[in-house]
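Here are the chains, one letter per residue:
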Amino acid sequence: MSWIDNRIEDGVIITSLDWAINWARTSSLWPVTFGLACCAIEMMATGASRFDIDRFGAGAFRPTPRQADLMIVAGTVTYKMASRLKRLYNQMPDPKYVMAMGACTVGGGPYFKHGYHVVKGVDLVVPVDVYIPGCPPRPESLLEGLMRLQDKIRHQTRAKDKVALANRDKLAPLTV
Amino acid sequence: MTPEEISNLLRRTFGDAIEEVVLAGAHPYVVVQADRWPEVAQFLRRDRRLKFNLLRCISSLDLLPDDKLAAVYDLCAVPEATDDKPLVCPHEFAVRVVTNRGNPHIPSVADVWETANWHEREAYDLMGIVFDNHPDLRRILCPDDWQGHPLRKDYVFPKEYHGIPGTTEHELPSPRH
Numbered sequence: 001m002s003w004i005d006n007r008i009e010d011g012v013i014i015t016s017l018d019w020a021i022n023w024a025r026t027s028s029l030w031p032v033t034f035g036l037a038c039c040a041i042e043m044m045a046t047g048a049s050r051f052d053i054d055r056f057g058a059g060a061f062r063p064t065p066r067q068a069d070l071m072i073v074a075g076t077v078t079y080k081m082a083s084r085l086k087r088l089y090n091q092m093p094d095p096k097y098v099m100a101m102g103a104c105t106v107g108g109g110p111y112f113k114h115g116y117h118v119v120k121g122v123d124l125v126v127p128v129d130v131y132i133p134g135c136p137p138r139p140e141s142l143l144e145g146l147m148r149l150q151d152k153i154r155h156q157t158r159a160k161d162k163v164a165l166a167n168r169d170k171l172a173p174l175t176v
Numbered sequence: 001m002t003p004e005e006i007s008n009l010l011r012r013t014f015g016d017a018i019e020e021v022v023l024a025g026a027h028p029y030v031v032v033q034a035d036r037w038p039e040v041a042q043f044l045r046r047d048r049r050l051k052f053n054l055l056r057c058i059s060s061l062d063l064l065p066d067d068k069l070a071a072v073y074d075l076c077a078v079p080e081a082t083d084d085k086p087l088v089c090p091h092e093f094a095v096r097v098v099t100n101r102g103n104p105h106i107p108s109v110a111d112v113w114e115t116a117n118w119h120e121r122e123a124y125d126l127m128g129i130v131f132d133n134h135p136d137l138r139r140i141l142c143p144d145d146w147q148g149h150p151l152r153k154d155y156v157f158p159k160e161y162h163g164i165p166g167t168t169e170h171e172l173p174s175p176r177h
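Residue numbers (this note's numbering), protein chains in the order written: chain G, 1 to 176; chain Z, 1 to 177.
Please keep in mind that the hints were generated in silico from the structure rather than gathered at the bench.
Keep in mind that the hints are not guaranteed to be accurate.
[What the hints assert, rightly or not] Here are some, though not all, of the chain G residues that point toward chain Z, as calculated from beta-carbon distances under 7 angstroms: (1) Tyr79; (2) Ala82; (3) Val119; (4) Leu124.
[What the hints assert, rightly or not] Computed far set for chain Z versus chain G, every beta-carbon distance over 10 angstroms: (5) Pro28; (6) Lys51; (7) Cys57; (8) His162.
Heads up, the beta-carbon is just placed ideally off N, CA and C, and yes, glycines get one too.
For reference, chain G alone in the conformation it holds in the complex:
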């Protein structure tokens, strides 16, 4: 029994601010509905009953970026779509996260060589938190990517992060 046990009234909870905020963010990641190609079919399957992304608190697909925390870029991003994608990303409130789902968004995929119109990786347009390879990735992969993103959020801190401050300019997304 440590020194703090049995010293606090019943009904009082002690936690750290970081833990509480991270817990809230981790368990209610609302994705913006953003399917671009065949990966969106797998994303829909992930949302449906068999895989049920709602188990992780990420099943509330929002039709507007203003209500969303997470953008799952599911499908081929063309140069024409890149400016729209950038605009949607900018409309999302902070903190916001991006998952690159599928080979096309990770690095151009099958269009890397012959696709004159395909962006060779969505990280050239917006900063990406988690990359999910596959063509298209199975729903299990998407869930795995979601869990890795939740791990990442769990380790965030409200304290001053010297590394992040120093790299802030480097992380700024390209203008489209």
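Fit chain Z to the given chain G structure using the hints.
Relative to chain G, chain Z alone:
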């Protein structure tokens, strides 16, 4: 009508405007002079024996060794929807219109077949064929400020588009097959 009969009919009606008849293979076609193409199209659409009421597709070809561009109009005649008969093509045919690569102009047939409107825009967007008298000749797939026509064989891939870098394998300007 068989492709042979159709090509003979066109030959008799338009004479020199039909430059070539190719009946061999699965896709028989005639080559029509570009400046006579609208009246041939009107004939194909309106003539009672032909009645080509469906333009299935416009394919564009880049004939780089001959320094030519071509548009292939894939035509088909279907009975009116009110008929009791099942909708099968009584006959089908194709028309090829060849134009210069340097200054590609083909008259539009968007007033003959409504379908041609978007198909011609696509051929203009990706192959750079200019369809004269088209009601609304803009790009249809690429952004309006796109440079060049991507499906041409000598197209050079963009290295950058609005700040987004683009690459091809081994930094080549266009892919090698």
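Outcome of the hint check:
no. : hint   : result
1   : Tyr79  : holds, 5 angstroms
2   : Ala82  : holds, 6 angstroms
3   : Val119 : holds, 6 angstroms
4   : Leu124 : holds, 5 angstroms
5   : Pro28  : holds, 31 angstroms
6   : Lys51  : holds, 39 angstroms
7   : Cys57  : holds, 21 angstroms
8   : His162 : violated, 5 angstroms
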